[in-house]
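Undergrad: With the hints as constraints, model all of the structure from the sequences given.
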Amino acid sequence: MIRTPLRPLARILQARQKGENPDRIERENIRARHEEMRDKMRQRAESRLLFVGLFFVIAFLMIGGRMTELASSEAVEPRASASGANIVAQRSDIVDRNGRVLATNLITNSLYAQPHLMIEPERAAKELVAIFPDLNLERLSKDFTGSRKFLWIKKKLSPEQMQAVHDIGDPGLLFGPREMRLYPNGKLAAHVLGGASFGREGVHSAEVIGTAGVEKAFDDYLRDPAMDGAPLRLSLDMTIQAASREVLQGGMKLMNAKGATSILMDVHTGEVISMISLPDFDPNTRPNGLIKGDPSDSPLFNRAVQGVYELGSTFKIFAAAQALELGLVNPSTVINTKGPMQKGRFRIRDFHNYGPELSVTDIIVKSSNIGTARMALDIGAKRQQDFLSSLGFFAPTPVELVEAPGAKPLLPKKWADIHTMTVSYGHGMAASPLHLAAAYSTMVNGGTLVKPTLLKQEVAVKGPRVISERTSAQARDMLRAVVERGTASFARVEGYEVGGKTGTADKPKNNGGYHKDKVIATFASAFPMSDPKYVLIVTLDEPSENSGKKPRRTAGWTAVPVAAEMIRRTAPLLGLRPVLDRDELSQVVNTASQ
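Everything in the sequence shown is counted per UniProt numbering, starting at 1 for the first residue and increasing by one.
If you are wondering where the hints come from, they were derived from the structure by calculation, not from laboratory data. Where hints are given, some of them may not hold.
Claimed, not checked - In silico SDA-like links for lysine to any residue, alpha-carbon gap of 20 Å or less:
#1 Lys216 - Asp282
#2 Lys142 - Ile168
#3 Lys413 - Asp282
What the hints assert, rightly or not - Each pair of labels, with its calculated beta carbon distance range:
#4 Ser158 - Lys126: 15 to 25 Å
#5 Ala10 - Ile30: 14 to 24 Å
#6 Glu458 - Lys292: 37 to 47 Å
#7 Lys451 - His352: 34 to 44 Å
#8 Lys451 - Gln342: 53 to 63 Å
#9 Lys156 - Asn98: 28 to 38 Å
#10 Ile58 - Lys142: 47 to 57 Å
#11 Ser530 - Pro225: 43 to 53 Å
#12 Tyr221 - Gln161: 31 to 41 Å
#13 Pro8 - Val52: 55 to 65 Å
#14 Lys509 - Asp134: 37 to 47 Å
#15 Asp282 - Lys509: 25 to 35 Å
Idealized CB from N, CA, C, for every residue including glycine.
TA: Structural data, given as structure tokens:
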């Protein structure tokens, strides 16, 4: 900036020439400079006042807008912000094959305490114990009067419990909203669903994670935000599940069994329509597992998948089918069944004396151990192992349950001839009822391998061929004959052409050997045998039918009647129309004409 001098030389000289006073020029320049400075300061002050005025206008508008927003919103307690990743509580529903809800989320509240904010901690502790009897009064009082700043009291509250806590009126008792997992059907399908619990959790949200069953197997899918809440659709039919459970529970009590399990499977797709294990539990209040003792005593134990049992004579159809497939026999081939059969120091006997010889069909119908063992020796150990492996008996089932990989079949350490013989009639090798269901489906569906699944299948995909269609048809005829004139005569259900095979195996002792009065009774069945649609496996643990003079424990007296009632109840629900034979049809026609 160029400053003008107060006494410019040119003007001073000019003033002197004219006789004027040079000091007047200086005074005029000083006055002009002061006026210029005054104008600049006034302009600056006015600009600052305008800026301050605009600032206050904007501030008042923002405050007024915020006050309007608060006045129109619902009042809530302020939340303290926390660093770290957000907790994602979203979890998709689980539904059955018809879209009925099996598991969903429910908005609820948690209860926590901040003892330093409490007014009457001891009174609050007493009233909380009155609302929640499982709380310990002494421990709660100690926590409330100690140095703790935060304390979880209940992770889930019902509306009634929340209101009761609210009525206590202590400001140190606070609520936090969260989602919980709800199973509206209670115990129904408990072992399939498994259950859920809380993972990472905060005051105002909690992470719901699967702990067992499909909840854990599909945990990533159910929690994936990209799925946009699409439900997980299972193959189960809850109508069939409910009817089957009712029958199985009644049968378990009637037969004085320790436990029971049943599996209903589609023979073409491998879809599990129903899976029940008893005793069961409510996944809404999932109990703790056993720390010691027999795991099967826990209601959490899934007998259908985790139960690895010797399944007895249900295995005989596999030996017969393999012998038929290899061309070693045909259904009418006569086999020597004279007993006992000696192999080294071991003797193999039949339950009854069936005479010196039986046809292959009658070996299955009468359940001859000796006849089956002779067929197995002709097959040989290597070919027997390959066949059973092709049916899935050498690996855990691929079903979508986290418990399945741990249920690996128990095989002989050294597969000698005696093991070839005993395995052929279901002793010396143990597998799960689900293994048996998949293998029987393969036997009766035309001979293609079936892999069990708990997911609804839109299209049936045929697996690799295990036996020919001809062998499958012959096996179906044998299984049908077992019901018509064999050990499973109680399985006759009018109109549904049931076929199947019984199996009774002594339970092994923990220290070696077998119990004489404890068995695993199994009935593996399929229906309708003219065009098989479903396989049903029913297994009872330590059953005893006591209506006679002596206890009867064989599957024909215990598992078979239960399975028959289950088929009678569920077949119409499955959409299967009963087929009457000629005599029954003529009776219907005669009755209608009268």
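Undergrad: When you check the alpha-carbon spacing of Lys216 and Asp282, does it fall within 20 Å?
TA: holds, 16 Å
Undergrad: Does the hinted range 53 to 63 Å hold for Lys451 and Gln342 at CB?
TA: violated, 40 Å
Undergrad: May I ask you to test the hint 43 to 53 Å on the CB atoms belonging to Ser530 and Pro225?
TA: This hint holds: roughly 49 Å between Cβ atoms.
Undergrad: Range hint 31 to 41 Å: satisfied by the CB atoms of Tyr221 and Gln161?
TA: Holds, at about 33 Å.
Undergrad: Just to be sure I understand the hint, the distance between the Cβ atoms of Lys509 and Asp134 should be within 37 to 47 Å; is that true here?
TA: holds, 39 Å
Undergrad: Using the Cβ atoms, figure out if Ser158 sits within 15 to 25 Å of Lys126.
TA: holds, 21 Å
Undergrad: Are Pro8 and Val52 spaced within 55 to 65 Å by their CB atoms?
TA: At roughly 41 Å between Cβ atoms, Val52 and Pro8 fall outside 55 to 65 Å, so the hint is violated.
Undergrad: Has the hinted range 37 to 47 Å been met by the Cβ atoms of Glu458 and Lys292?
TA: Given range 37 to 47 Å: holds, Cβ gap about 45 Å.
Undergrad: 47 to 57 Å was suggested as the range; check whether the CB atoms of Ile58 and Lys142 agree with it.
TA: holds, 54 Å
Undergrad: Straight-line Cα separation of Lys142 and Ile168 no greater than 20 Å?
TA: holds, 19 Å
Undergrad: Asp282 and Lys509, beta-carbon distance inside 25 to 35 Å?
TA: About 33 Å separates the Cβ atoms of Asp282 and Lys509, which means 25 to 35 Å holds.
Undergrad: Taking the beta carbons of Lys451 and His352, is their distance inside 34 to 44 Å?
TA: Check passed, 38 Å falls within 34 to 44 Å.
Checked against the numbered hints above, the structure breaks hints 3, 8 and 13 and satisfies the rest.
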